[in-house]
Amino acid sequence: MNIIDRRLNPKGKSLANRQRFLRRARAQIVKAVRDASGSRSIQDINNGEKISIPADGLREPSFRRSADGGVRDHVVPGNKDFVEGDRIKKPDSEDGGGGGSEGSPDGEGQDDFAFVLSRDEFLDIFLDDLELPDLIKKKLKQTESTTPTRAGYSVTGSPANLNIVRTMRNSLSRRIALNRPKPKELKDLEDEIKALEESGEDPERLSQLRVEFDRLAAKARRIPYIDPLDVRYSRFEHVPKPVTQAVMFCLMDVSGSMTEHMKDLAKRFFMLLYLFLTRRYRHVDVVFIRHTHEAEEVDEDTFFYSTETGGTVVSTALEEMARVVKDRYSPADWNIYCAQASDGDNTSSDNAKTAGLLEEVILPVTQYFAYIEVGAEYKDWLGRDSDLWRTYKQAGREAENFAMRRVRVRSQIFPVFRDLFARERGDSAAWRLGEETAP
Amino acid sequence: MSELLFTGADWDFEKVQRAYDAIEQIAKGEMGLVTYPNQIEVITAEQMLDAYSSIGMPLMYKHWSFGKHFARDETMYRKGMRGLAYEIVINSSPCISYIMEENSMAMQTLVVAHAAFGHNHFFANNTLFKQWTDAKGILDYMDFAKGYIAKCEERHGHAAVERVLDAAHALMSHGVHKYPRKRTPDLRDEEKRAADRRAYQEQMFNDLWRTVPKKAAAKMDSQELAERKRRLGLPEENLLYFLEKLAPKLADWQREIIRIVRKISQYFYPQKQTKMMNEGCATFTHYTIVNRLHEMGKLSDGAMLEILHSHTSVVFQPDFDDRRYSGINPYALGFAMMNDIKRMCESPTDEDREWFPDFAGNNDPYGTLRQAWADYRDESFILQYLSPALIRKMRLFKIHDESDSPHMNVAAIHNERGYREVRKALARNYDIAHLEPDIQIVDVDLAGDRRLILHHFVENGQMLDESETVRVLRHIANLWGYEVRLLEIESGTDVVLKTYDDVAPAAEL
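Read top to bottom, the protein sequences are chains A and B.
Quick note on UniProt numbering: the first sequence kicks off at 1 and runs consecutively.
Quick note on UniProt numbering: the second sequence kicks off at 1 and runs consecutively.
This is chain B alone, in the form it adopts within the complex (with noise of 0.2 Å):
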């Protein structure tokens, strides 16, 4: 007999409702998914774009760059070049999902199933954003960056605000706190702390300190050198907070500018590190509860081949030699990864027990993904579940390339002796701290012409982009006030291989 959730491609909320109550079975009571409320707000393709325009953020202050993204992306939809995606869904309890008007109902089961309970489960679990994010606060602090950044708008014009900004953003990479402080950020309180320091700085204001003499310079030894350098925190990565902390001539709403994009950059620092898993949760999330609906006779064959059709798309791996392939797809490595454990934990091979001893054959296949979702970041959760006979299936090698050589070397195959130099390097590619240029402020001379020195540790001799680099230069110099120097220092050995000298602020802020 026919229980069918819908017939037929037109949706409407009772059907929505429908869906989600039966894959609410699924993910809550056969996968044991735990996750924020959901809310699913349906909007238009335009709306997506402005959505995707403004980093995915129901709420955002205005900046030009997010309409250049507009723009562009607008164009790009209008002339067909690029589809738009299905779903937007973000990190905020209760968790929203974005669901298209023009998606058909079968689509629109798959994004229930892939971002409200994908996703959602994925946000609410995994221990970077349970550290470091705050789900329930994020919208209530968006929401204050974007009345403040108005207000500055306001009170200092367009464009001042436009230098911060541009400035702040093109450190945002290097707005982030890598490591875990005491506290845990509680994004509700910020807007009401601003506000306290603001009140406090103006009731302490007393113009008499003014008039205090300063001190001599004095000639520096290395002991206070070492001395400054720990006072002032350095060396410091997080250059964002640093600027905003201590640059001296920036004025409180500046530096709270810096803070608003300094916070947002912390809140999406989780996402960037978790992509190929998130992905992968959710796609296999979807897949499993759409095959379970599927069965239990609750999904036409017509909607089940329409929701087939898009999920093949998504996890489409090119192989490198052909047309179509730009990188490993994460959609495509998630989702195979989270398929073989699942393989693992119910028919595992003899190779796969002596690999994964934990949990080969443990017939617990849901709760050992829950476990992987929960602990792991990408580039642990390929070094601890890349297994071998996925390397195998994906045929998965390594490249070694040299640029003073002709040629590139195939350091490893998915062999016996390659499978844990392929998983090593596939790992390393998912590492942030190395696909991101390790940049740090190593001194500033208060005393004297204040110049703010960075250094640009290098490995394996790969430099900066310099046409960038001197832009970004530039934008730090604005923020510091002073000139900046970048130093490019092969780690290891401590040789400068490239000087970026003084670069001078090119505008006051």
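Next up, chain A with everything else stripped away, as it sits in the complex (with noise of 0.2 Å):
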């Protein structure tokens, strides 16, 4: 008998199947994902996520007989009080209650079929065909910045780069391979010198052991402790590296007519870009700036949990966001996205000085505006534009990267988003008018 342990083996012997029950099952989960995207908190979207998919389509047929009809003998355990020859009612629910109910080998019903997602799958899946817009044309333009990568050793460099620990090995071989005298040994050698000059015994062995320490200290000093020989240096390459870094400025309108459902709805947005930006992206900043009738940044909870409120004027936010980017934000190293969340409520004399900042100073440094204006979610528009959708409608006419969409409830939210930044944008007058989508 062998006992063998298999449990070192290679871990996930399944993952190519999982692999391929993904790839197969991949347009029913991908609508589960969407689904599920559109009724759970978007922190969720981060993690694994539990995904429910319809068993059809992953069926796997085999001829079997259907569970009713024919003539049927079941045998059963347990008899009570039968005796041959009763008859028994057959129950509502058609179920022979007997052998052979088991004969479908995967057993699966109707039932949806549930497993979870890691949270790469669910993530690839969730943002699967999404695109950041005019990423090349931007990258075009901009120069290159490089980073420095290791890349061996030298035996030239600035001091700053010496690798010690690579030259003291060099060191140390070689002083072993010269046999350098060690110190100990000079030492012990001139303790027993001095000894012997003390007691004035035994002149020859004196005078030997002179000559010898003579002849090791003239070693040492020929086959130094470090030489020129042994230094090294760290060599860096520099290696060009495309900038990846954004900044996502996000501005929120917190004046009184904006309610928890209207905040609730910005913050899924923010946060789908959010999370979009940092799978596109290396590194990236969020500015949070919320305004009244004037604008300050914010750390994330005040952004959202804050309960100030006061008058509306849109154009402190453009202001302080030209600020920040002014102040901390070059556009030359940065790809700046903005969305705009608000209820599009606006005090008129400010819509002029608001389109003027939009049209002359945001989208020409930015690389994406989206607007959001995000309404009660029972509450129709009557089809009258806000104020603010008709500046921004005006202001934003002529402008590729700005887009403005309406959405009220929360299913809304995903399908605007993938509409702002669907890889094929397909007619793109269209989607700058921002028509509402359908619920």
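Be aware that one or more of the hints could be misleading.
Computed footprint of chain A on chain B, listed as stretches where at least three residues anywhere in the stretch have a Cβ under 8 Å from a Cβ of chain A [said to hold, decoys possible]:
no., region
1, 33–45
2, 55–66
3, 316–330
4, 388–402
5, 460–466
The hints are simulated quantities; they were obtained by calculation from the structure and are not laboratory data.
Backbone N, C-alpha and C fix where the C-beta goes; we use that ideal spot for every residue, glycine too.
Taking the hints as your guide, dock the two standalone chains into a single complex.
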């Protein structure tokens, strides 16, 4: 008999099967993922997600008899009081109640089939056909930065790059090879000489030792502890690297007219954008700017949960954003994105200023500016555009990197997001006009 | 004095070895079991799930359905809706038994007795396994199959291979030869033969044959029809075999894949026919062995209790009116029958002597059982050995159910008049020939429209599940390359009950 420990065998033997399964079920999984993202909190999206997909299409059919019809004999255990010839009323739900009911080898009914996707699998599917708008154009415009990457050792270099470990290793091996006397040997010899000198005994030995000491001392001088030959420097090569950093500005109107529902919608949109950007860029900054009649940069908590209220002056937010860009995010180094959420109210005297800022300051430096007008869940717009909507529609008319949408319920967020960032945006005029997507 | 094999729940290799040796002594010395050499492999729960999802084989080609089963099993396991099997055992030589590292030492003892001796003995001695499976060759063959299919995927793409596999899997249960042919299958040669076949065909390839003018299609009369059927070997119930050999549009590699699926199906065919006996044999073996170990003072009371706890839950048989009832538990029935045989050998009643004159009271329970294990399959075993005493004990009764009638009839119960009736009906429920629909290829018009015609011989009015059938027919059509028609025909009267007309292939394979 052999006992073999297989526990350390490579894990994930079923990975290949899992991949085949995911590929097979892709269409259904994509749909399930989209559905899930409509109904769940966006933070969950960043984790793995349990997905239910209908078993249909993943069925493995086989010839089997239908569950009812025909004549059947069953043998069942546990007779209590039946005698031969008794008649039993059939239960309403037709189930033979006997052997052969587990005929199907994979035993799957029509149940939905639930399983867990890993975070990466989920996000891959979730963001599958999204693409950052105008990414290529911007890349061409930008110079590439370089980053130093280790590339072995060299014998020349600046003192800052001196590689001590490698240098000492070389030095040690050279000292061993050339048999450099160790400091301890010299010390011992010196001690012995001193002892003999003091005691005055055995002068012959003393002179012998002196000769020996001189020889070793000379050798130690000839063979330095560290030789220039030993020195090594770490070498770095400068590898060109595309600029992969982005900053996202979240602008939100927090005036009294914004309800919790609206803030929730806005947050969802921002999170989605953030998630999306983090997948595309190595480094993503987020700047939260909230505004009433004045704007300020805040942290995330304050951004979403502050209870401040006041009038609405949209231009202040744009001004604040322009300031932050100027201070910290040079458009030459950063891909700048902006998402603005508002219920569309603005002080009418401010509209002209807002339009001017957008057109002349913001749009020229941003990669993409998305304006999301959030509305109450059950309110109709009655075809009347809000102040801000009209202003933006006018101001963004010519801009390629500007989009505006209306969102009323949670489930519209994802379609709108996809719409804004879909790889092929089709007819640009249609999306820029920002017709409301059907719920 | 205490000679316990182990104390405590933790296991290590030395303890397993010691338990194995003690078990082996009883299994071989007292019960007279003859087994393949054993190989015990310790695996983790995840690996158990892996093995589970690829129908228990340690080597398996890749296919999405295994991924699906893995995903489902894993979800259920994580949720705690289902425990894992404690063991998986493979009909190979050496016989491989997997044990899980999470098991306690008492459970490992149980599993070794159950799998490494019970199942192993059954595999090694049952006539069906001997006749149909090649325990020495199966792992080599699976290795070949896995490699071959991986190569096909590289060469022809995942999707193409998947289409063939999907279709072949749908027909898996109709891919076995039910009756032995002259040659015993030797899986070890398969790989070589596949390579030879291909080499020969490449060698013999001559493009000129393409240019030979074809015979004009002639009208066929019934004599020609008979001749055609004879030449095609029709009717043929092994659908995969027929398609593999004769489907006109398949490429060689596609035929080889069908062949692989067919071989695997054939390999598992005895397993299907002997599930109850096999589990019964293993359960009886472990029960006997652990009891002996306990008697000999080698198992502590605690360990014994733990073992008995899981033993009883395995052989638990709820009554038909219990919420937990889901058919007859093969472990329970098998174990009960084998215990019953042992009882009849050792202390028979007059009734037993009358029913089973051959062995009642012969005082050789293990010999009697060994013979039964060797010579029978579930259906014939029940027909031969199910005793009135056990029918009474399990209170078995037979229900007759006609779909038109609002009532079901109790046709026989556990009394003098009912014993034989119950036994016959139960045996029939285990007869695979009755469990699986009888579907045969009866004709193909090779000169005409090349339509493939199948018949389903309907017994007792039990028709095929419609939506499933259409799907399977689509798979057949994909393999065949032309239209397929299925007639459901009442056996005996030849009345056509239903026609699935001309399912066309959906895609090029």
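Hints violated by the structure (numbers, ascending): Those not satisfied: there are none.
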